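Participant: Listed below, chain by chain, are the residues.
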Amino acid sequence: MVDDKNKSDKPDEVDEEEDEFAAFEREAKAAAAAAAAKMAEGKKAAETAQASASPAAVVEEDDEEEDEFAAFEREAREAAAAAQANMGGGASGSEAAASTSQASEAAAGEEAPAGDDDKQAAPVSDANAEAKAKALEKSEKAAKKQAKALFSDNVGVASQTILVVGGGIAGVTAATEAAETGYDVILLEKGPALGGRVTRLNRYFPKLCNPNCGLEINYQRIRKNPRIKVMTMCEVAGVSGDKGNYTVSVSKQPTYVNGMCDGCGKCADATDAKVPNDYNYGMDKISAAHLPHEHAYPMAYVVDPSIKGSDDEEKLVAACPKGLIDFGQETENFDLNVGAIIWATGWQPYDASKIEVYSYDYSPDIINNVEMERLANHDGPTGGEVKRPSNGEPAKKVALIQCAGSRDQNHLAYCSMICCLASLKHAAYVREQYPDSTVDIYYIDIRAHDKMSNFYERIRYDENVNFIKSKPGHIDIGEDGRPVLCGERTIDREIYREPYDLVVLATGMEASLANNAPEGVKQDEYGFVIDDGGQFAAGTAGGPFDVALSTQSATAAALKAIQAVRAGK
Amino acid sequence: MSEFERKPCVYLCEGCGIKDALDIDDLERVATMEMGVPEAKRSDSFCAGDGYETLKKDMESGDVNQAIIVGCSPRVMAEQFRELPGQVIRANIREQVVWTQPPNDEDTQMMAADNIRMAAAQAQNSEPPQAYWDAASSLKLLVVGGGVSGLSAAREASKTGCEVVLVEKSDALGGWAAKWSKTIPGAAPYTGLQENGIADLIKEVEEDKNITVHTNTIIGQTEGMPGKFTTQLVNGKGDSWDVFGSIIVATGWREMDTAKLEHLGYGKSDDIVTDIQFEQRLADGNIPKTAAIIINPDKEIQPFSSGVSTKVAIKQALQIMQADPDAMVYVIYEELRAHGTAESFYREAQEAGVVFQKGEVKSVDGDLTVTVHDDLLGANIPMTGLDVVVITTGMIPNSTNIDIEAAEKGEDQLKDDIRPNLPLITINGEEPEAASDDDDGDVMPGGPILNLQYRQGPHIPVLANGFADSHYICFPYETRRTGIYTCGPVRRPMTIAEAKEDAQGAVLKAIQAMRMSNQAEAVHPRVGDLSYPEFGLNICTKCRRCTVECPFGAIDEDPETDYPVLNPSRCRRCGTCMGACPVSTISFKNYNPQMVSEMISAVEIPDEFDEKPRILVMACENDAIPALDMAGINRRQINKYMRVIPVRCLGSVTLLWVKTALEKGYDGIMLMGCKSGDDYQCHFVKGSAMAQERMSKVGETLQSMMMEEERVAVTEIAISDTRKIADTLNSFGETIEGLGLNPFKM
Amino acid sequence: MTEKKTFTYYPGCSSQGSGRHLDESIRAVMPELGIGMVDIEDWNCCGASVGQIGGGPLSNLALTGRNMAQAEKQGNKDVITGCAACYLNTHGGNEKIKADEQKKADINEALGAAGLSYNGELQVHHAMEVLVNEVGMDNIADRAKANPLKGLKVAGWVGCQTVRPFAGTDSGGNYDTYEDPDFLDDITEACGAEAVAYDSKTNCCGGSVAVMKPEKTLHLMEKILNSAKQAGADVISTPCPLCQTNLEMYQDSINKKFGTDYNFPVVFPTQLMAVAFGMEAKKDAGLHRQTIRAEKLEKMAKK
Amino acid sequence: MTAPLPEVASRKYDLTFARWVRDNVEGGDKMNMCMQCGTCSGSCPIGPEMDNGPRKTFMMVRAGMREEVLSSSTLWNCTSCYRCTVRCPRGIKVTAIIQGLAQVAAKEGYAPKGENASFANAFWWSASTFGKTDERLVPTLYYFSAGFMEGIRKSLDNLKIAINMLKAGRMHIGMPHTIKDKKGLKAILAKAAEIEKAKG
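Going line by line, the protein sequences match chains A, B, C and D.
Start counting the first sequence at 0; every next residue gets the next number (numbering that gives the first Met the number 0).
Start counting the second sequence at 0; every next residue gets the next number (numbering that gives the first Met the number 0).
Start counting the third sequence at 0; every next residue gets the next number (numbering that gives the first Met the number 0).
Start counting the fourth sequence at 0; every next residue gets the next number (numbering that gives the first Met the number 0).
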């Protein structure tokens, strides 16, 4: 029997003449707990009173086959009620069991509730009562008509369906927000699973929380919502038509798993062929039949095309209990008719080999920032330890080079906005793993805007993280194979040649559609999508944003799409 | 008396390697004979093929209204089962049993059998939830604030078929935007000074028949809940009442206290002005020959140095140069935060001849001599002969109404709940002390905007530095007052273009909230959930734990009787109230203290001679359970004595369950929730924090029962801890085995 | 070899002095690859990089103006030059004249003083650009079948001025990138030799500063030699006459200063080609012009 | 140079000099685009020899520090390798500006004796007189420009090199090569100088 000593500490703000009352109360609870402790299985303990329904009667007797347990339990309740009955001040026993109708309706005080901190003001005769009641009655009548206007479908449109292209955080947000507002959505994803760029990030700034936590909630929303139809391995070839009536030509690549895979993993056991792991940007290998990654939604295996025609082909076909593996699968092309299109095609890291001065192709210890996210991730090639890819030793002296490709006429002319903050994260990863490590951040401006400036302060607090205002001229490879940064420290005018264990290039954000946009899409000079009344950009398809701004723009895009399909012509 | 007549049936799935690792006949015996489920069916897959057809036929015919599907994780194949009428209850024996335990092993079999026992107990104590009402009282939108954010919100809502009431406390619409001579470019090609455009927006709003505008009006008070916000509109002439479905607070920002700019010379000369004052000069065509614009870096003076100040400095510098190409304009900055495509605007200013100078302003004298420590020249340089010195100012959010005096209650709502200066990472383990001492910032002046008649106080909760913003990165419109959304600079510093897009986002969420409350469904994160907490007032002791601890202020107190009163559409169905109630009298139709107690008791506890301990694991279904699934997906071996019950949030775990488990004979109990504290990751704000606080008192109780404190542990598991969760459970298993069996084992 | 295209050839001042062997090997190999060459009539100095500090900008441009005027008279639309500095000034000047009406008028006014004029129809190309864009590696490889330089290890040192000044501008012939160009290694391979991995590919030797203040730039040249040694090269091949001369003539100052023992032959790619084409070591390849003789290459060459 | 050089500014950060460089030095129109990132100074092969380097020079121009800029050693150490120009993220013609400033410094007499300017003058003398650069006279004139004794010393240093070049036939013996129409070239150059002066 657990006594309830631990109940003595009341919520802190209860006022002082409480002691005597608290003693009684503890006693009552002890009695109630004692009864509950002897509960056996079977009927529910206490009838629950409907909070807002008609006044619940005092607990009736249970029906006939009430066994010995229920008697005990009824006894416990009466003891509790009795204990409260002889309490000073509090409501009397019977009243305790009386129901409360919607208190707020009847007796809201006029001005802000005065009285002690934890008790709402006793109701004063409320001159506004009838005004409120009249307003309420009027609004209830209006609500019926309003519901039709707000949630009804506009007849004049060929298709009310909203197409979302891209299954990253922006696409998933736009799809769920539009579907939960009552509209049918088709969500196209080029890859085998949703999650896009963020599911391959280790942490988000500024909270250093894991991106899959937010994605899990979004996947729950998708699982529950019949209005969202997810189609993976699909890419848009072209768009024609106009607001309210678009025809979108789609091509779907085969995964050679034809039908509802339940993720049992038998096909993976049937082959030891390995392929580069796209999830980790090819930094390690994975079975040719694999889940895209541990948090993949939809959780379905995909088979790498390299198996087709290899001698493992039959083994895989035989291994699948549901007989889903079919190497006859071809690319399918089909058209969709939709009312509005949300481009959530996201971004890709700028190709670091194009920045020839930084010798990205000449040393495995020179990586880009998305590869650093994989290195530090538990599901990454090294299981989360930031090591030198060349020899596997811990990376104790790390350089982070900002504006690698961004703010550069020869590469990306705009600032990609997230790289400074991503590098602050990377400094945190290294410092957390190796207390004796040093991280040098080479920057032009640390652009930590708004609340991110707190994040910048919190990292700057660590004196092993040095901020060096300089953009390195080039990177040589030292005799010992370590990358050597060469440049000028602009503050103290010193020319440096500094070797490092690991160099992370904070490469910028290039719009995925920058160089291969399907025709029919309006774009700006950098390849970011521009709204045109029926097609809208969500997230980084429309510009360099962080996740908070991407999800904000995706929610706005959902509204614009809804307005487009409602307005019709 | 509940009239729901349970017709359960067990569907034993044998596919995915289950029948190779478990004795299905034994499982069927447990489900039917032991747990009394009338019928059990088997198939290689109930998610497809004829297995699925059988399941579908059973439920559509009404023979079965509780399908207990024993197989894979509830996170898989849910799309298949969502169309079936009636309740679907999942027993996870694939990811959590077959993939984490050795096959054809006695303990594996017992674990699977226990999972079935728990699922059956769950079915016996759960019923499908019913909607608390069949229609909302109102589907009208209230927008507070007549600046560009509020005007845009009103228009966007009207364009989506929604009726709007727009309330503005001053006598004119337009807010700050009406004062700007030119504005910052917000779209491609991201260059070029823009026309203000606010006059057309005001005209659109005034001519829109869907929108009713009330100027000189503030909100007297607001009570009720989404779908039924009864609000008093107060203006000089007479108060009026109206009822709204949801509310958008777009009260924007106010100027910072310029007294804090003294060290930058403000006040020493009329020609040392703020950017707001300078805007007026630009509007009047009063163009200086030489000007220095200081991008004010100080964190203490304003919440933070925002991107907006940088863009304003660039805009005003560009205006001078375009008016007079021979003018000399110096923009002095420490970090030039022209992030994203604003880089093109920065380049445009450089092209026009504006000089950008990195340095720290040491002093600004009355004769307009600005002494700058020019980092790049490495010297203190006195800049003389300036006509004007402009200082950019920060945006203080109007999370409170500065024109009315502070309310007595709810002061703690206005303190930032993030200590912004705490170092982010712990280095070699020891707890870092805060970078700066003032942990709890000063309270914001001014009274409540909406004067919410909520038990927890009249204000909308704010984050660091007073901005009424979401704490989450993936959910920018998440709010701790359901149905009340904020947009524009009250949320974070924004330009006009950003505020217009933000208004679109907030309007979508407001309309969505109206639709959800109209259907009595929960909003994010448990979207669509019909269940809601019911209070057994007969044994309620009015201890107020539920009303105080509810993260969303959904429970008020009846002014006469002090009993808790639920406002159902405010509720997010997380169960924190259920976890708080000392007498466990709060329950949901499909998730209640009784149900989980039964599930705990349903597990077969081996007697002490079998040397087989039992560990109860109550894990958050949003992060810890997926992490456990993923440990299974990666085939990581896990302690074979654990029995896992998913909970909606760790905050819903009640002490009754711990007591039941200890009495039942469990040897150890582990609670797994999300990270708490300043950078909390709990989707219900403080579920795991609550659990830690409540469970901290269990230690004394255990000692009083001569049991070791280590038997009950609370740990924080993130969704990415798919390796750590296996190690945590295994090491806890070893601790328990070290402590020996529970002395109370019957 | 049938003549494919004729260029007006601008040899430049170094062709009569320190860069004679570049001029000789160019004159030898180009016809072999179908590139006809006619010297610019009475060509004058281009002003190189330091020239413009001596004279004013317009008079400097006039030097190029005169060359262009002379070349225009001879009819061919395309001018070819082998020296980086000549290409920099002639091509740069030519583009400036063509792009700016005012400059064109001033130049023609100045040229008028000698009865000359230029109306800007010419296009100036670098010898390497012609080899890459006009001739192409396959033709070189075919021609080099005569005497492939088997076993010769060559460090391709492109240097800086040859590829950089007009990088990225379409007028720059765009035959290779400026940070990591491959054309020199391609030529080496086409000649049957082995192009070693060479990390000082685009390092600067110090250019005119090396001529004026050698002590300031010896460490740059040492790095270039050291990388070639590390890479196991037998010879360094460079297209720029100033680079060739600097690296060759300062090797003993470097050895004195750094205590090294470099004795590294520095040749031109056109010399490698001449040998690979089976042409004469002296007359065509000008191997006798090396102050540090390339013995291994000489053994391979036909006498 | 077209417009006359403004005198030293009365106050720091006076933009008159910067605006003058913008209008009169090739590539100067883009100089204000400099965001002080340091790529140019960081890429310069001879960076350590320079007192300020191109980046700081641009900042000093902005700060109106005319004297310091024109007498800085940076202007005389540029090997014109163009690395700074191709790498500048803002597309500024760094080499052209530095060499343009060197031209101004030489014209205004800031060029230190015995430095590149003397070599440049010798080079220009040979080019304008013979129409060709004589690889023997130009270095010799340069050696002696820093004084007779210095001239002797430098010539001896390079004697061995000269002999090698002679042996290899890469140093011409006899009168310097010249173009045929020397008179015509002289006239052209004179006219060009005259046009330039007229532009003032």
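What the hints contain is simulated information worked out from the structure, not anything from laboratory work.
Nothing here was measured: the structure is a model prediction, and the numbers come from that model.
Glycine included, C-beta positions come from ideal geometry on N, C-alpha and C.
There could be a bad hint or two in this list.
[What the hints assert, rightly or not] Label-pair ranges, simulated between beta-carbon atoms: (1) A:Gly382 <-> B:Ala378: 34 to 44 Å; (2) D:Glu25 <-> B:Asn285: 30 to 40 Å; (3) A:Asp360 <-> D:Thr177: 46 to 56 Å; (4) C:Glu120 <-> D:Glu25: 45 to 55 Å; (5) D:Val7 <-> C:Glu120: 38 to 48 Å; (6) B:Thr190 <-> D:Ser154: 51 to 61 Å; (7) A:Ala513 <-> C:Lys302: 56 to 66 Å; (8) B:Ile403 <-> D:Ser9: 49 to 59 Å.
Participant: Does each hint hold? Answer for all of them.
Facilitator: Hints, verified against the model:
no.: 1; hint: A:Gly382 <-> B:Ala378: 34 to 44 Å; result: 50 Å, violated
no.: 2; hint: D:Glu25 <-> B:Asn285: 30 to 40 Å; result: 38 Å, holds
no.: 3; hint: A:Asp360 <-> D:Thr177: 46 to 56 Å; result: 51 Å, holds
no.: 4; hint: C:Glu120 <-> D:Glu25: 45 to 55 Å; result: 24 Å, violated
no.: 5; hint: D:Val7 <-> C:Glu120: 38 to 48 Å; result: 47 Å, holds
no.: 6; hint: B:Thr190 <-> D:Ser154: 51 to 61 Å; result: 59 Å, holds
no.: 7; hint: A:Ala513 <-> C:Lys302: 56 to 66 Å; result: 59 Å, holds
no.: 8; hint: B:Ile403 <-> D:Ser9: 49 to 59 Å; result: 54 Å, holds
Hints 1, 4, counting from the list given before, are not met by this structure.
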